[in-house]
Amino acid sequence: MDWGKIVRQGLIGGVALSFIVAVGLFEAFANRMVIDPILTSGWVLVLWVPVVFGYRATRQVVPDGATVRAARPADIAAGAVTGAIAGAVLGLLVVITSAKPDVRDTLLALSPSLVQRLSFGHSVGYGFGVLTLGGAILGAIGGGIDLVPQVVRRVVSTVVVTILGFAFGELVVGDILRSLGLRSVDQFFYAQSRGLKPLGAVILAVVFVALRFLLKGKFKAIRERIPLGTGETEENRATRRNWFLVLGIIALAAGAWAPNLFGLYLNEVLSNVGLFILLGLGLNIVVGFAGLLDLGYVAFFAVGAYTMAIFTSPASPAFDAPPQWAFFQALPLVLIAAALAGLFIGTPVIRMRGDYLAIVTLGFGEIIRIAFLSDWLKPLFGGAQGVLQAGFFPGEQRGGIIVQWGLVLATIGIITLIVGLLRLNATRLITAGKMSDIRAYSQPVTIGLLVAGAALTIFGLVSPGFAVWKIYGIEPPSMFRITLVFVALAAFVSWRLRDSRVGRAWMAIREDEQIAQQMGINIVTTKLLAFVMGAMLASLGGALFAVKLGSIYPHSFEIMQSIIILVVVIVGGMGSIKGVMIGALVLIGVLGGPTQPGLLREFGEYKLLVYGVLLIWMMLKRPEGLWPEARRAKELHQEEMLQDAWLNVEPASEGVSG
Amino acid sequence: MLELRNVEVVYSDVILVLRGVSLQVPDGRIVALLGPNGAGKTTTLRAISGLLDVHNGEVTKGEILLDGTPIHTLAPQKVVTLGLSQVLEGRRILGELTVEENLRLGAHTARKELEENLARVYDLFPVLEERARSTAGYLSGGQQQMLAIGRALMSNPRYLLLDEPSLGLAPIMVQQIRDIIVEINRQGTGVLLVEQNAHMALSIADHGYVMETGKVVMDKPAAELAQDEDVREFYLGLHGDEVASFANVKHYRRKKRWLS
Ligand SMILES: Nc1ncnc2c1ncn2[C@@H]1O[C@H](COP(=O)(O)OP(=O)(O)OP(=O)(O)O)[C@@H](O)[C@H]1O
Ligand SMILES: [Mg+2]
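Here the protein sequences come in this chain order: C and P. Residue 834 in our numbering sits at position 635 of the first sequence; the count goes up by one each step and never skips. Residue 61 in our numbering sits at position 54 of the second sequence; the count goes up by one each step and never skips.
Because the hints were derived from the structure by calculation, they are not lab data. Careful: at least some of the hints might be erroneous.
[Stated by the list, open to error] Okay, the calculated bits of chain P under chain C, using three or more residues with CB under 8 Å as the criterion: (1) 71-84; (2) 107-119.
[Stated by the list, open to error] Label-pair ranges, simulated between beta-carbon atoms: (3) Thr220(P) to Tyr555(C): 33 to 43 Å; (4) Ala139(P) to Ala583(C): 42 to 52 Å; (5) Glu123(P) to Leu623(C): 18 to 28 Å; (6) Glu123(P) to Trp575(C): 55 to 65 Å; (7) Gly811(C) to Asp20(P): 43 to 53 Å; (8) Thr76(P) to Asp554(C): 54 to 64 Å; (9) Val61(P) to Val812(C): 35 to 45 Å; (10) Ala139(P) to Leu414(C): 55 to 65 Å; (11) Asp554(C) to Gly175(P): 30 to 40 Å; (12) Gly811(C) to Val61(P): 33 to 43 Å; (13) Asp304(C) to Val61(P): 50 to 60 Å.
We put the CB at the ideal spot given by N, CA and C, even for glycine.
Next comes chain P alone, as it looks inside the complex:
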């Protein structure tokens, strides 16, 4: 199980962005992490994968545990070898390299299983096999997202951390990505899915968290979350007759957890 306990993150020594975030991703489950822009979702993923360092950020309090062992002090390359793989926001494929080279790069830490994993990725994304030798920069946005996910899978992760995979994709493509996430999960990989598209995320997740300004403000099974009035209103865009303003519905229950 991947677990965050009361994690606090500070950027540049002064900007407090996460204020005690706690969440759990059980083995082989899909967990959705929702929240408005700037809530700290990406920061949460960075904290897990060890990429805070690049952004001059730091976990100042709390801990991140993988099966009970703390991992928030490890270097990113170590975290990858422990089985956590993040797909960064905005895809970030290496446009000059070929599709296959991108994938091979993903296998940097899992050299032995390279051929198996490559076969698996090509199985999941047949279009990548067709375009294996062409330049990754020429792929369409959706294909690039597939490549980014495929590349993350090349390290044989136990947990896949996805940062807004539906960003900028047409509905049909979102559908396809969604099905692939389900399939990856079915094959035994746990998924932490950060999304703006709550509809998509909640339709496949087992559990969901909602973040706002650096805190988890809601924590429910996905099905319940999808029924929640506030979530329906702000994230699913389904509201009743009165158009609620943000101010007068801000009455989330805040859960008291561990230390905070």
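For reference, chain C alone in the conformation it holds in the complex:
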């Protein structure tokens, strides 16, 4: 046994445990149940620690080619010791806290109720014992994981994932069940916002374990029947792209209808996710495509919001007789204002590079916010009071936009049509060239896209839900739908830009400015274009934000916003459109945005802590992001790439996604 390692891992685990408890995360989650009276999510936050560290303490790093040491019973003991050490450290914290109550002066979370909870209603000595013993048991599980047959491990992991998934997804599942009229089902499984009922948990676990074993291999069989192909031939890649397109369109159409199923909260969360996807896609053009690190991106978000607000609000400070335009009337102005702001900020800073650019844009972002806050511009933007009643309309109580799914379907239909037409053009090129084999299957897809696009457009236009200009009143589902439309547009624009001449020029600038110049690319205008495109997408987000909240204050546009948007892009995968969407779903949807709550509301003010931890972990383990663009992944794994090249191995990752 490697005692040094065991003690080290045990102590690290203990520090992790103490940290989670001492910052108050444990208490914050203490009232959110996973399984109603048995397990709170606070304990879930704590229990994983000894398991993981028990596992780590027994695992050895195996250099390539060396034989792996088989797991042995002694690992269980080693894991148990590690876990016990970790548990004892936490126990010690409890003992110290009860002995010296004045630690509360610095660490508020170390309250008597916490001591009570962690000593299980008995003396602290008892608590210490239980924590150490519990740590030992969990650590033993971690250490012995490799000794257990695979079937058992599968069952356990399925049970854990199912229960946690359903417990934390209560909001989503419950909402959907209720709107489907299945309130009784909801009540059977859930203890009404208090987590799963024990019986419900058992049933779900059994069902999912059964499903897992019954369906084992079935998905693979189905996947194999779909001609997806695994090899990296041009044909396979094109097929995959086609499937992606088709699935994307289906998902969008379903998304247009889905908000009817969701309750208020879920709609709210989803439109926040959409908002951040929009902002992320915009920033992705600037940072991901063109490689310009812009830390003042929130400025454009603010410009969009303020422009929308002053032109739609009846209380607009900028006008004696406020124009009170409708959302879509003000939208062109919003875009123009953002483009001008992009030029205004971009022109002076565009010649700077890297860190300098980051710092200067950071400054500009603040300047814009302070300008909105200033007394000087108060007659226009209302200073600290901001602009109230954005998107309110005469005679209506709460203004804004209702977007029915008819409009959404029509928009998606039109995008689909354009995609189809673009492909038609591509097919013609191919006919002239040599890749005639692609034609055989890309034509049916093109025709399919055209037909589907036309059908969606017509259906959307004639459906009673197609109401754009004159229906007022804002409700979360319609907010979500309009966000969806904007996101679809932004994704489409990003995608087309990326594969265009401009997109290549951006990538060239990102990689080697001198080469870009040598290729005849005008660096200044190309960079400015990236800035302006990003600014316009951000302003769309701002416009939505304005009518959604109804009141716009300068403090909604602090640096934190810029940083969170950047984190969304980084965590998702810089330069990757899919990545931005995943990033926003995970961060904004689950954890919540800077001011918006996510599905795990309890994180509350700990959100930033989790963001930070996640970011560090990502940078260490997966610097290319959750769902990276193939290129970016390559760049960051150059070392391995070089080795592959040296060993003459074709990399498996090549061209997996475009």
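Following the hints, put chain P with the ligands in place on chain C, whose structure we already have.
Okay, now just chain P with the ligands, sitting in the frame of chain C:
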């Protein structure tokens, strides 16, 4: 004709690197520019293609003329559209992009002739067509050099400026690059070839210049240059019985030209 007249280049306002360089590249010819490390060959190419700006350099005297019109004040992207294309030292391909994307990038200024030029490049370098969809970073050094040259050709240049294309390549690859340069030239593109490998350069050039510390010290038809004693000794590595030291053979004729 591409012509440099007495060009002086200063970096960072103080470092004088070119001290009155004059040379000519006639249409459709190959001109070799030789010289030791640090002579200012790359700087000369930068001055022509307008890339000095990036390096904080500046043409302070003299002029660079393309068919009689001065071009040294133009931005690099403008110079490219006038038909001058430089292949930078050390290849500098964009490793993450595919081979074809690299080539398409080269056509930034010549969108209309993209398909023609692509066909032409693939014709010159069949290996690039084979690897069109693979990542450029995985190409071998020689293939990367081919890609760099191909990319420069995508802008349909009248003059190709090559900066040490044989750098770090095996003799057989050097041979291949050499043949390709000849072929490109045969198709009507003028070439200004900067080389350390004087043997290769002089075997295909019509005319040659030798630079040393920012000045042209020799200027002769390539065939004559290849016979010159000093060149043979320092650049071709062929010397007689006595091993000459650099100091006692430094007796280049310096030509008086225009102003200097
Ligand atoms: N950006 C710069 N700033 C200051 N000095 C520079 C700069 N670039 C080059 N120099 C100097 O100019 C001189 C000529 O450099 P240049 O790169 O033109 O040489 P070269 O003939 O191409 O050499 P090599 O054969 O080694 O490539 C060198 O002394 C170099 O140090
Ligand atoms: Mg050089």
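Cross-check of the supplied hints:
1. 71-84: holds (count 3)
2. 107-119: With 7 residues in contact (Cβ-Cβ under 8 Å with chain C), the coverage given for the stretch 107-119 of chain P holds.
3. Thr220(P) to Tyr555(C): 33 to 43 Å: 34 Å, holds
4. Ala139(P) to Ala583(C): 42 to 52 Å: Given a distance of about 59 Å, which is not inside 42 to 52 Å, the answer is violated.
5. Glu123(P) to Leu623(C): 18 to 28 Å: 23 Å, holds
6. Glu123(P) to Trp575(C): 55 to 65 Å: 58 Å, holds
7. Gly811(C) to Asp20(P): 43 to 53 Å: With Cβ atoms ~45 Å apart, the hint holds.
8. Thr76(P) to Asp554(C): 54 to 64 Å: 40 Å, violated
9. Val61(P) to Val812(C): 35 to 45 Å: Because 40 Å falls inside the window, the suggested range holds.
10. Ala139(P) to Leu414(C): 55 to 65 Å: Distance hint for Ala139(P), Leu414(C) is violated at roughly 41 Å.
11. Asp554(C) to Gly175(P): 30 to 40 Å: 32 Å, holds
12. Gly811(C) to Val61(P): 33 to 43 Å: 37 Å, holds
13. Asp304(C) to Val61(P): 50 to 60 Å: Since the Cβ atoms of Asp304(C) and Val61(P) sit about 58 Å apart, the hinted range of 50 to 60 Å holds.
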